[in-house]
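Colleague: Protein chains in written order, with my numbering: chain A, 1 to 204; chain B, 1 to 204; chain C, 1 to 204; chain D, 1 to 204.
The reader is advised that the hints may include incorrect statements.
[As the list claims (entries may be wrong)] Covered stretches of chain A, going by a simulated chain B footprint (3 or more residues, C-beta under 8 Å):
1. 43-56
2. 88-100
3. 134-147
By construction, these hints were calculated from the structure, which means they are not laboratory data. Note that beta-carbon positions come from the ideal geometry of N, C-alpha and C, so glycine has one too.
Given next are the chains, with one letter for each unit.
Protein chains: 4
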Amino acid sequence: MSNTPLRALALVCSLKPSPAPSSSQLLAEQVLEQPSGHGVEGTVVRVVDHNVLPGVEADMGEGDAWPGIREQILAADILVFATPTWMGHMSSVAQRVLERLDAELSVTDDEGRPHLTGKVAVVAVVGNEDGAHKIIADSFQALNDVGFSIPAQAGTYWNGEAMLPGDYNDLDETPEAVASTNATAASNAAHLARALRTQVYPAL
Amino acid sequence: MSNTPLRALALVCSLKPSPAPSSSQLLAEQVLEQPSGHGVEGTVVRVVDHNVLPGVEADMGEGDAWPGIREQILAADILVFATPTWMGHMSSVAQRVLERLDAELSVTDDEGRPHLTGKVAVVAVVGNEDGAHKIIADSFQALNDVGFSIPAQAGTYWNGEAMLPGDYNDLDETPEAVASTNATAASNAAHLARALRTQVYPAL
Amino acid sequence: MSNTPLRALALVCSLKPSPAPSSSQLLAEQVLEQPSGHGVEGTVVRVVDHNVLPGVEADMGEGDAWPGIREQILAADILVFATPTWMGHMSSVAQRVLERLDAELSVTDDEGRPHLTGKVAVVAVVGNEDGAHKIIADSFQALNDVGFSIPAQAGTYWNGEAMLPGDYNDLDETPEAVASTNATAASNAAHLARALRTQVYPAL
Amino acid sequence: MSNTPLRALALVCSLKPSPAPSSSQLLAEQVLEQPSGHGVEGTVVRVVDHNVLPGVEADMGEGDAWPGIREQILAADILVFATPTWMGHMSSVAQRVLERLDAELSVTDDEGRPHLTGKVAVVAVVGNEDGAHKIIADSFQALNDVGFSIPAQAGTYWNGEAMLPGDYNDLDETPEAVASTNATAASNAAHLARALRTQVYPAL
C-alpha cells in the first residue's frame with residue numbers, strides 16, 4: 001500500500017454551486033496541482049452542489065448527499081479543506097462539513113483509534129475580506145479533533161487589502177507568496193501522509 | 001412609536017427541525033420571557049424549519065425562505081441570536097443567517113445609515129461542549145458589522161463540564177447564574193432598544 | 001453631567017514603547033480625532049510604556065502600573081481599544097488589558113450593576129497580516145462581558161493584502177474606506193455614550 | 001539520533017509565578033508524564049517566572065529572558081503549550097510566547113526550511129470558564145504557521161460547567177475523559193516526533 005499513489009480530496013465550501021467560478025476552488029486546485037509531482041491523485045468536490053443535510057450523524061437519511069462525500073473522505077489520504085470568508089468566518093457550507101465529520105469520532109478501528117487517524121489535512125482560505133488566520137485556526141482545531149494530523153505550515157490563503165473589493169480569481173496572476181505557500185503546504189502534506197502510512201499511530 | 005411595545009425576534013439556529021426539543025430554543029425562550037416585564041413582544045423562529053438557501057443576497061430566488069425571515073428581522077427591535085455549539089463553533093445554520101445578513105450592509109436609509117442601525121442584538125449559546133465565549137465573540141462581531149448595537153452583558157450561555165455528556169434541556173432546573181445572566185441580557189437589550197428608538201444614531 | 005464633554009480613552013496595545021511609531025496608535029488617534037466634533041475629549045495611553053503586571057486583580061501590588069490606567073478607564077465614557085495583529089491574534093499587551101479588566105466584574109454599584117456598565121467601547125485593529133475581524137470579535141466579547149456597550153459598527157481596521165509587507169503608518173494616505181469607518185465608529189460611540197448618560201441601564 | 005530519547009518542553013503560561021499552584025501546569029505535567037513510557041524526557045518552564053520582553057525579535061536585548069527559553073524550544077522535539085483561559089482567550093503570557101516565536105519564521109536551514117519544521121506541538125488548556133476549543137484553535141494555527149506539526153488529537157483541556165467556580169487543580173481526581181485525552185495526545189506526539197526524525201520534511 002505504501003507505494004500506491006496518495007489520494008487527495010479537496011472539499012470546496014463555496015456558497016455558489018457549479019459552474020459559477022469560485023475563488024476557493026481555484027486556490028484548492030492550485031494546492032492539488034502541487035502534489036502531482038509527489039505522486040498524489042487529486043479530486044475536487046464542490047460541496048454545495050450536493051444536498052448535505054444539517055445534523056451530526058454519518059447519514060441523516062433520505063435525500064442526504066453526505067454519505068457519498070464521506071466515502072470519498074474515507075478513501076483519501078489528504079483532505080484539502082477550502083472555504084471562502086464570509087463575515088470573517090468560514091462559510092456555512094464549511095461548518096456543515098465539520099458538523100458531519102463530528103460523527104466520525106465514535107467510529108474506531110479494531111484497536112480503538114478513531115478511523116480518521118492517519119489522515120492529513122490542509123486548509124485553504126480566500127476572501128475579499130480579512131479572516132483567513134481565524135478560519136485556519138477553527139478548521140485545524142475541528143479537523144484535528146476528529147483525527148486529522150496537520151503537517152507543518154499547512155494553511156494557505158489570500159485576501160485583499162482591508163475594505164477593498166477584489167476576489168482571488170480576479171487576480172491577473174497568483175501572487176508569488178501564495179504560490180510558495182501552496183507548494184509548501186502540498187509538499188508537507190504529501191510527505192506527512194506518506195510517513196503516516198508506513199508509521200501508523202499506535203493504539204493506546 | 002416610542003411607547004409601542006418592543007418586538008424581539010429569536011432566531012434559533014439548532015440543527016434539528018421542530019418539533020425536536022432544542023437546547024438553544026429553550027435558552028432563547030428564557031431570554032424572551034424576561035423582557036415581557038419590559039414591554040417586549042417575542043417571537044421564535046427555528047431557522048432550520050425553513051429552506052434558507054446559501055448565498056449573500058437578500059433573496060436567492062426560487063424556494064428561498066430567507067425573505068420571510070428577513071421581514072421579521074426588519075420588523076424587530078431586538079434580535080436574540082441563539083445557536084448550539086458544534087465542533088466548538090456556531091452551527092452552520094447560524095453562520096448561514098450571518099451570511100444572509102451580509103446583504104443588509106448595502107441597504108441604507110435616506111441619510112446613508114445601514115437600515116439595521118438602531119436594532120439591538122443578544123446572543124445565546126448552548127453546548128454540551130465548550131465554545132460559548134468564542135461563538136458570542138464571532139456573533140457580536142458579525143451582527144455589529146451590519147448595524148446591530150450590543151447592550152452591556154448581552155451574551156448568555158450554558159455548557160457542561162469538559163468532555164462529559166449533558167444538554168441544557170436535560171437539566172433539572174435552570175442554573176441560577178444562567179437565569180441571572182438571561183435576565184440581565186434581556187433587561188439591558190430592552191433598555192437599549194428603547195433608548196435607540198428615541199435617540200436615533202445620527203447620519204454622518 | 002449630561003452636557004459636560006464626553007471623555008474618550010484610547011488604550012494603544014502596540015508591542016513597541018514610545019516614541020517608536022505605532023500603526024495602532026495612528027488608527028486610534030484617527031478615531032479620537034473624529035469625535036472632537038461631537039464634544040469628546042480624547043486621551044491616548046500606550047500601555048506598554050507602563051509596567052502592567054500579569055494577574056486578574058485590580059491591583060497586583062508593588063510596581064504595578066495598572067491602577068493608574070484603571071483610573072483613566074473609570075473616568076472615561078468611551079474606550080478605544082487599539083491593538084496590532086500578531087500571529088493573527090490581538091497583542092499580548094491587549095490581552096493583558098482584558099485580563100486586568102476581569103476584576104471589574106465583581107465591582108458593582110449600589111444597585112448591583114457592574115460599575116463599567118454605561119461605558120461604550122470601540123475597537124481599532126491594524127496588521128500587516130490578516131486577523132482584524134477575529135480580534136474585533138474577541139475584543140467585543142470580552143469588553144461586553146465586563147459591561148461595555150458596543151455601538152453600531154464599532155470596529156475599524158486596516159490590513160494589507162495577504163502575505164505582503166506593509167504597515168498602516170507607511171501608507172501615503174488614509175484609505176477612504178478606513179476613514180469612513182473611523183468616522184462612523186466615532187460618531188456612533190459618541191451618540192451611544194451620550195444616550196447612556198441620560199438613560200442609565202436599570203438595575204434588575 | 002533516531003534512538004536518542006525524545007525531548008518534550010512544556011511552556012506553562014499561567015499568569016501566576018511559581019510556586020503558586022497552577023492548573024495549567026498540572027495539566028501540562030500530566031501530558032508530560034504520559035510519554036515517559038514512550039522514551040520522552042520532559043521539562044517544564046513556567047514562563048511568567050522569566051522576564052520575557054514584548055516584541056517580535058528572537059532577542060529583545062538587555063534583560064530579555066526569552067533567548068534562554070528559545071534555546072530550550074530549539075532543543076526540544078515536542079512542545080507542550082499550556083495556558084489558562086482568561087476572558088475566553090489564551091493568557092497574555094501565552095500570546096507573548098507566540099509573538100516571540102514569530103521571529104523563527106525567518107530562520108531557515110541550509111535548504112530553506114524554517115528551522116522549527118520537524119517539531120511537534122500539543123496544546124493543553126484549563127479554565128474555570130469556557131474557551132478551550134478556541135484557544136486550541138488559535139494555538140494550533142500560530143504554532144503550525146511557524147513550523148510545528150500537529151499530531152492527531154493533540155488538544156487536551158478541562159473547564160467546569162458554565163458560570164460556576166472551580167479550578168482543575170481543585171478536582172479530587174483527574175476526570176477519566178481528560179486522562180484518556182492526555183494519553184492520546186502524548187502518545188500521538190511521541191509517535192509523530194519520532195517519525196519526523198527519520199522522515200524529514202523535504203525542502204522544496
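Colleague: Which numbered hints turn out to be false for this structure?
Modeller: When the structure is compared with the hints, none of them turns out to be violated.
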